[in-house]
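**Q** Sequence:
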Amino acid sequence: MNSSPYRARYRRILWFFARVLLSVGFWDVFLPRLRLSGPGKRTRKRRYRQIAMDFRALAVQLGGVMIKVGQFLSARLDVLPREVTDELAGLQDEVKAEPFTEIRAVAESELGASLDALFDCFEEQPVASASIGQVHRACLRASEEEPNATRDVVVKVQRPNIPQIVEVDLAALR
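As numbered in this note's numbering, the sequence shown has no gaps in its residue numbers, which increase by one up to the final residue, 1364.
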């Protein structure tokens, strides 16, 4: 977490959760202790919806573990208000694909060879895109034993810098 983008990411996550904690603490804990729960009750649904919208925007922008956290929270109807879970449910399908040039670089680095050397075809448009990686269709090159047989496969490629991003996100969430 030494480089500046990761430090900034860490601070953004901490700042978001600090704001949520202060808001919930003030409206839902502090004011009711003073027997002033009326304003908090009247604005609760709107406040929770806004918190969820802010988290969703942050998660989409940052990606990585933040998307996973939002997806997990969207399924927790047993502990979170519907205003929160409904808003976060959109994270199930909202992960944008990485540019293919970056995915190509990661795949070639991991595989130790160029995609052209390993595959007859490799679709640039992913079949699916998730918080940690994305999936592409490809055709393996024919082998010497079966020169006319190509095999259709799917290749899951991690997003660039995902190990560092996961480390930063988990550190911020601790």
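Bear in mind the hints are in silico, worked out from the structure with no lab data behind them.
Where a beta carbon is used, it is the ideal one built from N, C-alpha and C, also for glycine.
Watch out, some of these pointers could steer you wrong.
What the hints assert, rightly or not - FRET-style restraints, in silico, Cβ to Cβ:
id : residue 1 : residue 2 : range
1  : 1248      : 1225      : 47 to 57 Å
2  : 1270      : 1250      : 13 to 23 Å
3  : 1280      : 1214      : 18 to 28 Å
4  : 1197      : 1247      : 32 to 42 Å
5  : 1280      : 1216      : 23 to 33 Å
6  : 1306      : 1236      : 47 to 57 Å
7  : 1224      : 1325      : 15 to 25 Å
**Q** Evaluate each hint against the coordinates.
**A** Comparing the hints with the structure gives:
In this structure the supplied range 47 to 57 Å is violated for residue 1248 paired with residue 1225, their Cβ-Cβ distance being about 34 Å. Range check, residue 1270 to residue 1250: Cβ separation about 19 Å, and the 13 to 23 Å hint holds. In this structure the supplied range 18 to 28 Å holds for residue 1280 paired with residue 1214, their Cβ-Cβ distance being about 22 Å. In this structure, residue 1197 and residue 1247 break the distance hint of 32 to 42 Å, their C-beta atoms being roughly 21 Å apart.
A beta carbon spacing of about 27 Å between residue 1280 and residue 1216 agrees with the range 23 to 33 Å that was offered as a hint. In this structure, residue 1306 and residue 1236 meet the distance hint of 47 to 57 Å, their C-beta atoms being roughly 54 Å apart. For the hinted restraint 15 to 25 Å between residue 1224 and residue 1325, the CB-CB distance of approximately 53 Å leaves it violated.
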